[in-house]
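Full structure from sequences and hints, please.
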Amino acid sequence: MPAIAEKPIATLTPAALPTRERRARMLLVALTVLLVVAMLIGAGAGALRVPVASVLGVLLHKLGLSTSLAFEPQQEAVIWAIRLPRVLLAVLVGAALGLAGAAMQGLFRNPLADPSLLGISAGASLAAVAVIVLEEKLLKMVSALPGAGGAGAYVLPLAAFAGACVATVFVYRVSRRSGRVLVSTMLLVGIATNGLAGAITGLFTYAATDAQLRSITFWGLGSLGGATWPTIATLVPFLVLPLLLLPRLGKALNLLALGEEQAAHLGLPVARIKWQVIGLTTLAVGASVAMVGTIGFLGFLVPHVLRLLGGPDHRFVLAASALGGALVLLLADTLARTAVAPAELPIGILTALLGAPVFLWIVMRNATKMS
Amino acid sequence: MQAINLTYQVGSKKLLQNVALTARPGELIAVVGANGAGKSTLLKLLSGDLRASAGEVLFEDKSLAAWPPAALARRRAVLAQQHTLALAFQVRELVLLGRYPHFGGQPTAHDWAVVAAALDLVDLGHLAEREYPTLSGGEQQRAQLARVLAQVWEAEGGFLLLDEPLTGLDLRHQHQTLAVVRQLTRRGFGVVAVLHDLNLAAQYANQVLLLHRGRAVASGPPAQVFTPEYIHLAFGIEVDLLTHPSLGYPLIVPTVSTL
Chain S
1 MPAIAEKPIA TLTPAALPTR ERRARMLLVA LTVLLVVAML IGAGAGALRV PVASVLGVLL
61 HKLGLSTSLA FEPQQEAVIW AIRLPRVLLA VLVGAALGLA GAAMQGLFRN PLADPSLLGI
121 SAGASLAAVA VIVLEEKLLK MVSALPGAGG AGAYVLPLAA FAGACVATVF VYRVSRRSGR
181 VLVSTMLLVG IATNGLAGAI TGLFTYAATD AQLRSITFWG LGSLGGATWP TIATLVPFLV
241 LPLLLLPRLG KALNLLALGE EQAAHLGLPV ARIKWQVIGL TTLAVGASVA MVGTIGFLGF
301 LVPHVLRLLG GPDHRFVLAA SALGGALVLL LADTLARTAV APAELPIGIL TALLGAPVFL
361 WIVMRNATKM S
Chain Y
1 MQAINLTYQV GSKKLLQNVA LTARPGELIA VVGANGAGKS TLLKLLSGDL RASAGEVLFE
61 DKSLAAWPPA ALARRRAVLA QQHTLALAFQ VRELVLLGRY PHFGGQPTAH DWAVVAAALD
121 LVDLGHLAER EYPTLSGGEQ QRAQLARVLA QVWEAEGGFL LLDEPLTGLD LRHQHQTLAV
181 VRQLTRRGFG VVAVLHDLNL AAQYANQVLL LHRGRAVASG PPAQVFTPEY IHLAFGIEVD
241 LLTHPSLGYP LIVPTVSTL
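So the sequences go chain by chain: S and Y. Throughout the first sequence, residue numbering follows the numbering used here, covering 1 to 371 in sequence. Throughout the second sequence, residue numbering follows the numbering used here, covering 1 to 259 in sequence.
Hint data in this document are derived by calculation from the structure and do not stem from the laboratory. Do not rely on the hints blindly, as some may be mistaken.
Taking CB as the label site, the calculated pair distances span [stated by the list, open to error]:
| # | chain 1 | residue 1 | chain 2 | residue 2 | range |
| --- | --- | --- | --- | --- | --- |
| 1 | Y | A88 | S | A53 | 57 to 63 Å |
| 2 | S | R25 | Y | G36 | 48 to 54 Å |
| 3 | Y | T227 | S | R22 | 55 to 61 Å |
| 4 | S | L196 | Y | G188 | 53 to 59 Å |
| 5 | Y | Q106 | S | F359 | 56 to 62 Å |
| 6 | Y | D197 | S | T368 | 37 to 43 Å |
Built from N, CA and C at the ideal position, the CB exists for glycine as well.
Structure (structure tokens):
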């Protein structure tokens, strides 16, 4: 039997990095490279096809660097005004949704958890549908306010964001018992909240006119079509905190895998961490849903696949899910706007169409492994 | 660590009543008693999982609740009775969780070395790369023990709370675990462990606390607590007390005919 050191061990052989950690790091590098390539290709794809070299040329030119990469003024205009905002929107929203999904699965210690489970998306949908149906009255009220002339365009996203926040706060408060939030209770309260919000959304839908029904349907399927520089500028302030802070919670979420009590014994301020994860996730998902509508399966599937590839360590999964989410949404959006050009597929349809079979495959594979 | 007159009640039911305990550095205190006697409740009060209805837990003369969680984690580790692990961590990744209070961003070579040493100590060095859920019950228990050891590996005056650390372990590893605990107490650790095997408690513990229906019926060195009378009171079983022929500690042998 090896003896425990009488004194703290002093002789230390520098341990080689375990293989799983090495693989995780390589995956992060690979995802970053793929994302950059996908951004260049995405910015070039569309009705006016721009070669990757010219895309690079435009970007470097905009950064004030002169290169020998040639491009035409028309290409520059299209890339700068149309393509780039759209690519950035896909990257931002994809990263936010992937990250939020990974964080939720970690917090709930359940690979099935998803931001939509907490009622975040349902709350946003309810508010958005309510705004669409009550549009005329509401818009009149808003534009009657002094200095709210151009605010009309922001009513829908703001309402959706508010709906997401209200739903989360509601779920959090209802799940609280004598100062403690039980995560399992929260999951159940989230399901009930989803049902409730869905029913009220149904009522609004029932009362909607034909034209309103069409906007409701399209909003529910999601689209990045509204991407402009002002959209990006509106979204970024909401996403800065989640995108910077959530990836730093990897250690905390790893400890939570042991259960809350054990995590606390390892020095984790569990209540604060829960609050942080839920707050940041709401911010990320609420703002994303507000801007592009509901996009299914992404936040749920991306962390799953990455765990299979690089292991369950959240220090890897969180960062990788941000990169992976951005990559998948960007590819899906590029496909959505080129596949049936000049028309556009709603992106929510595409992510679910691709996501559901992949998820089924994972489930079947795990079921085989178990038996 | 000191527990002063701990009482814990749920509704009108008192699970623990006026239990006091002083755990000194260099000593293993074995908490023994029948199922439902309040052993785990006591350990949960000592660890801070539960708040006492009355009484107080002091660690280094300071109320447990007043300790910053991170500082406490570097000094004191807790092995729970039941383990959950939501993620399919490798064994070494699980043990590395014990090092989390010690590093900021990335584990240092020292952290990985402690992980390897802790795994060797519980005979799991060869399974470091295996995924935890694929281990047997006893191996999982040892992996969790390695995590707890890694947490307080270099602590001066560290403290361990172990709730049934021997569950599922084979004969060799039961003794090996308690031998590790003994080495730690010699290094100045204080240890409180819930044990079921009275003979092991008699062999390894410096102090024994015998619980019966939420009350402490006896406490002191094993020879004082392990008398046929106390054991009958606490477990409702007649025993004979022998002395180990070469090692000298008491051997508790039930006289089966009374059952």
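message = Within 37 to 43 Å: is that where the Cβ-Cβ distance between D197 (chain Y) and T368 (chain S) falls?
response = Holds, since D197 (chain Y) and T368 (chain S) (Cβ atoms, about 41 Å apart) stay within the stated range.
query = Taking the beta carbons of R25 (chain S) and G36 (chain Y), is their distance inside 48 to 54 Å?
reply = With Cβ atoms ~50 Å apart, the hint holds.
inquiry  = Just to be sure I understand the hint, the distance between the Cβ atoms of Q106 (chain Y) and F359 (chain S) should be within 56 to 62 Å; is that true here?
reply    = With Cβ atoms ~32 Å apart, the hint is violated.
key: Distance restraint evaluation - T227 (chain Y), R22 (chain S), Cβ atoms, bounds 55 to 61 Å   = This hint holds: roughly 59 Å between Cβ atoms.
A53 (chain S) and A88 (chain Y) - C-beta distance against the hinted 57 to 63 Å = violated (44 Å)
ask   = Between L196 (chain S) and G188 (chain Y), does the C-beta distance stay in 53 to 59 Å?
value = Check passed, 58 Å falls within 53 to 59 Å.
Consistency note: the structure conflicts with the earlier hints numbered 1 and 5.
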